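Colleague: Construct all of the structure, not just a fragment, from the sequences and the given hints.
There are 2 protein chains.
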Amino acid sequence: MSQESRTTEGDLRNTGMSLKHERTWDYELDRIVEEATERGAEKVGLQFPEGLKRRAPHVADDLRDRLPDGTRVLISGQPCYGACDLDTYMMRRTDVFVHFGHSPMKESEKIIYVPLFSNVDVTPIIEESLVDLADPADDPDVGLVTTAQHMNKFDEMRTWLEERGYTVHTRRGDDRLTHEGQVLGCNYASADIDAEQVLYVGGGKFHPLGLAMEHPEKRVVIADPVNNAVTIADTEQFLKQRYASVHKAMDAETWGVVFCTKIGQGRWEVANDIVENNESAYLLTMDEVTPDRLTQFGFDAYVNTGCPRITTDDGPQFDQPMLTPGEYEIAIGEKPLDELSFDTFHGTW
Amino acid sequence: MSQESRTTEGDLRNTGMSLKHERTWDYELDRIVEEATERGAEKVGLQFPEGLKRRAPHVADDLRDRLPDGTRVLISGQPCYGACDLDTYMMRRTDVFVHFGHSPMKESEKIIYVPLFSNVDVTPIIEESLVDLADPADDPDVGLVTTAQHMNKFDEMRTWLEERGYTVHTRRGDDRLTHEGQVLGCNYASADIDAEQVLYVGGGKFHPLGLAMEHPEKRVVIADPVNNAVTIADTEQFLKQRYASVHKAMDAETWGVVFCTKIGQGRWEVANDIVENNESAYLLTMDEVTPDRLTQFGFDAYVNTGCPRITTDDGPQFDQPMLTPGEYEIAIGEKPLDELSFDTFHGTW
Chain A
1 MSQESRTTEG
11 DLRNTGMSLK
21 HERTWDYELD
31 RIVEEATERG
41 AEKVGLQFPE
51 GLKRRAPHVA
61 DDLRDRLPDG
71 TRVLISGQPC
81 YGACDLDTYM
91 MRRTDVFVHF
101 GHSPMKESEK
111 IIYVPLFSNV
121 DVTPIIEESL
131 VDLADPADDP
141 DVGLVTTAQH
151 MNKFDEMRTW
161 LEERGYTVHT
171 RRGDDRLTHE
181 GQVLGCNYAS
191 ADIDAEQVLY
201 VGGGKFHPLG
211 LAMEHPEKRV
221 VIADPVNNAV
231 TIADTEQFLK
241 QRYASVHKAM
251 DAETWGVVFC
261 TKIGQGRWEV
271 ANDIVENNES
281 AYLLTMDEVT
291 PDRLTQFGFD
301 AYVNTGCPRI
311 TTDDGPQFDQ
321 PMLTPGEYEI
331 AIGEKPLDEL
341 SFDTFHGTW
Chain B
1001 MSQESRTTEG
1011 DLRNTGMSLK
1021 HERTWDYELD
1031 RIVEEATERG
1041 AEKVGLQFPE
1051 GLKRRAPHVA
1061 DDLRDRLPDG
1071 TRVLISGQPC
1081 YGACDLDTYM
1091 MRRTDVFVHF
1101 GHSPMKESEK
1111 IIYVPLFSNV
1121 DVTPIIEESL
1131 VDLADPADDP
1141 DVGLVTTAQH
1151 MNKFDEMRTW
1161 LEERGYTVHT
1171 RRGDDRLTHE
1181 GQVLGCNYAS
1191 ADIDAEQVLY
1201 VGGGKFHPLG
1211 LAMEHPEKRV
1221 VIADPVNNAV
1231 TIADTEQFLK
1241 QRYASVHKAM
1251 DAETWGVVFC
1261 TKIGQGRWEV
1271 ANDIVENNES
1281 AYLLTMDEVT
1291 PDRLTQFGFD
1301 AYVNTGCPRI
1311 TTDDGPQFDQ
1321 PMLTPGEYEI
1331 AIGEKPLDEL
1341 SFDTFHGTW
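Protein sequence lines correspond, in order, to chains A and B. Letter 348 of the first sequence, counting from 1, is numbered 348 in my numbering, and no numbers are missing. Each number in my numbering comes from the position in the second sequence (counting from 1) with 1000 added on.
Simulated from the structure, these hints should not be mistaken for laboratory data. In this text, all values refer to a predicted model and were calculated from it rather than measured experimentally. Every residue, glycine too, gets a C-beta built ideally from N, C-alpha and C. There could be a bad hint or two in this list.
[What the hints assert, rightly or not] In silico lysine-lysine, DSS-like type, Cα no more than 30 Å apart, as pairs:
(1) A:LYS218 <-> A:LYS205
(2) A:LYS106 <-> B:LYS1110
(3) B:LYS1205 <-> B:LYS1248
(4) B:LYS1205 <-> B:LYS1218
(5) A:LYS335 <-> A:LYS218
(6) A:LYS43 <-> B:LYS1106
(7) B:LYS1335 <-> B:LYS1248
(8) B:LYS1335 <-> B:LYS1218
(9) A:LYS110 <-> B:LYS1106
(10) B:LYS1043 <-> B:LYS1106
(11) B:LYS1043 <-> A:LYS106
(12) B:LYS1240 <-> B:LYS1218
[Stated by the list, open to error] What the simulated footprint calls covered on chain B by chain A, stretch by stretch (three residues with Cβ under 8 Å from a Cβ of chain A suffice, anywhere in the stretch; the number is not a length):
(13) 1056 to 1062
(14) 1276 to 1288
Modeller: In structure tokens, the structure reads:
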């Protein structure tokens, strides 16, 4: 399986969002047509997340009907799993470039971000999650986080919990995060709050797992409004898999150090530090990080300084062990085994 | 199988070049070190064709030994099958960028092209090929073409044939070709010569097949010095496969029209003409054209205006029919079936 089939943030297909609910998304066609017309655009570029690529021709049809005659609509065929996957080639070569489904990673006058908020009702599942949260009489403090596609319901979630006696703690993460309470697959700074329990409202396992790894002292309750399930984030299985990779990599004689060229994923200092201090480590630069691409080089192990989800979600698909920078330090004996932690991107870029 | 596993021009692995012969390649390390030192380079980028990626760490080692302390060597992890696959991201972000194994597609002061000529002896296989060429007493005219990695032996080939009584016809292709007598996977203009037989010296089936398709009136003799085999290019099997795809595509109600963003592969007019004249056709832009990427969109059929090798070599791996622009015209009934021809890139870019 290549990276193209990955499940990552923004892949609505794998959250079941387009499967389990009859729902229409607001593509904000009027806004797009208005801006394109105003700017006299000759080329309008559209980029959809993987799970919505099938809707692309229909959205293109609607736009072609409304745009001035002769306007050319282009659809990006580049993989798109999240906000980092901005098609910069298309952005540079179109007059208006529309990125659907993710929050802005890079601001530009040319880009129109259409968030595609989910209109699934979140209160039923939050109600169900109450059995796993402490009774507000015992511990009223609860952190609240969600993903981009449920941000439109964030105030509703907060109010709902407050009405039931909770003190809701929220926080905006760092500069990379657009909204208060929003988490990214690589950033949980919005959960750095003063509460022992955190309610995560959203689909997927990766976000709450990262949360639980990053905040091991907190209890992370997952309320998934899409699959209608409440669970507690369990890091054990995840940790086992990571330790197995680290152990395997301890025998590595040569290392490929991946520097990812995608917007928001380039950690040059991290990558550079590794090769500067290990003469058996080599810097590899690429956009998509796939098993095929790495295998060609024949290194014994790899360190991925790009998207942590590739390491942790896709790790088992790679033929050689693939570690996060922190895991690499453990593998080469610079850090003790028990310091294994989740790879997150903090701070500004 | 994804595009990453493709066999295309410059993939030395699949020509057997690195397998069947004990051979060293001249990486021209002195030239690289000299230029990097002269320019005070802090970052030196290296890009290898797929078949030589395993040598990358060793070449990097040799360079790190010779370059001034602190120079950072980066290796491109992008797929690289030919001259079109120039890693422009790496080119922009390094002080010296070395592209190994292909002729120049784009000239820039920053790029060092290291051709990696093969030192395999070509005369034994040319001698063997004589049984398939006309006797010079009957027909002395023979065209001579080869690929980039054997260009260093081109004069030797020509002289050898002339000494045996042949009149050797050679031609430089158009602006995209660096050398007289050179063919690319998408360009056979160097075989537009006044002879009924053409001798192709090189590995792989694709080049001579393209040649035979492009010049159906000529007999194309393949002398493969790497696999030590002489054959005659046979287009029948190839044509059957192409006709099957065209037939399947005749039922298509929706079309994805791929515009490839790689240097040298962008045929905007061709792609634009198709969508302008077919309201069920949609423009898709991407760099790597893989089955995974196309399947996401769910079109009934695709037209690839980028590298013809993806259509013809990889075509059967795609879930939907994938046609060349010429085949598309047949599928929609604009051209008769018997006008099926090979997709080549002629003219300037």
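Colleague: Would you check the hint for LYS1205 of chain B and LYS1218 of chain B, treating anything up to 30 Å between C-alpha atoms as holding?
Modeller: Judged against 30 Å, a Cα distance of about 16 Å means the pair holds.
Colleague: Is the listed coverage of the stretch 1056 to 1062 of chain B by chain A valid when you require three or more residues with a beta carbon under 8 Å from a beta carbon of that chain?
Modeller: holds (count 3)
Colleague: Please verify whether LYS1335 of chain B and LYS1248 of chain B have alpha carbons no more than 30 Å apart.
Modeller: This hinted pair holds, its Cα atoms lying about 16 Å apart.
Colleague: Taking only the CA atoms, is the gap from LYS1043 of chain B to LYS1106 of chain B under or equal to 30 Å?
Modeller: The given pair, whose Cα atoms are some 20 Å apart, holds under the 30 Å limit.
Colleague: Starting from LYS1043 of chain B, check that the Cα of LYS106 of chain A is at most 30 Å away, please.
Modeller: holds (26 Å)
Colleague: Has the given pair, LYS110 of chain A with LYS1106 of chain B, been kept, meaning a C-alpha gap of at most 30 Å?
Modeller: Cα-Cα ~28 Å, so holds.
Colleague: Check the hint pairing LYS1335 of chain B with LYS1218 of chain B against an upper bound of 30 Å on the C-alpha distance.
Modeller: This hinted pair holds, its Cα atoms lying about 24 Å apart.
Colleague: Take the C-alpha atoms of LYS43 of chain A and LYS1106 of chain B, compute the straight-line distance between them, and say whether it is at most 30 Å.
Modeller: holds (26 Å)
Colleague: With a cut-off of 30 Å on the C-alpha distance, tell me whether LYS106 of chain A and LYS1110 of chain B pass.
Modeller: OK: LYS106 of chain A and LYS1110 of chain B at ~28 Å, within 30 Å.
Colleague: Apply the coverage criterion to the stretch 1276 to 1288 of chain B and chain A: a residue qualifies when its Cβ sits closer than 8 Å to a Cβ of the chain, and three qualifying residues are needed.
Modeller: Answer holds; 8 residues pass the 8 Å Cβ test.
Colleague: Is the straight-line distance between the alpha-carbon of LYS1205 of chain B and that of LYS1248 of chain B 30 Å or less?
Modeller: holds (25 Å)
Colleague: With a cut-off of 30 Å on the C-alpha distance, tell me whether LYS218 of chain A and LYS205 of chain A pass.
Modeller: holds (16 Å)
Hint compliance for this structure: no hint is broken.
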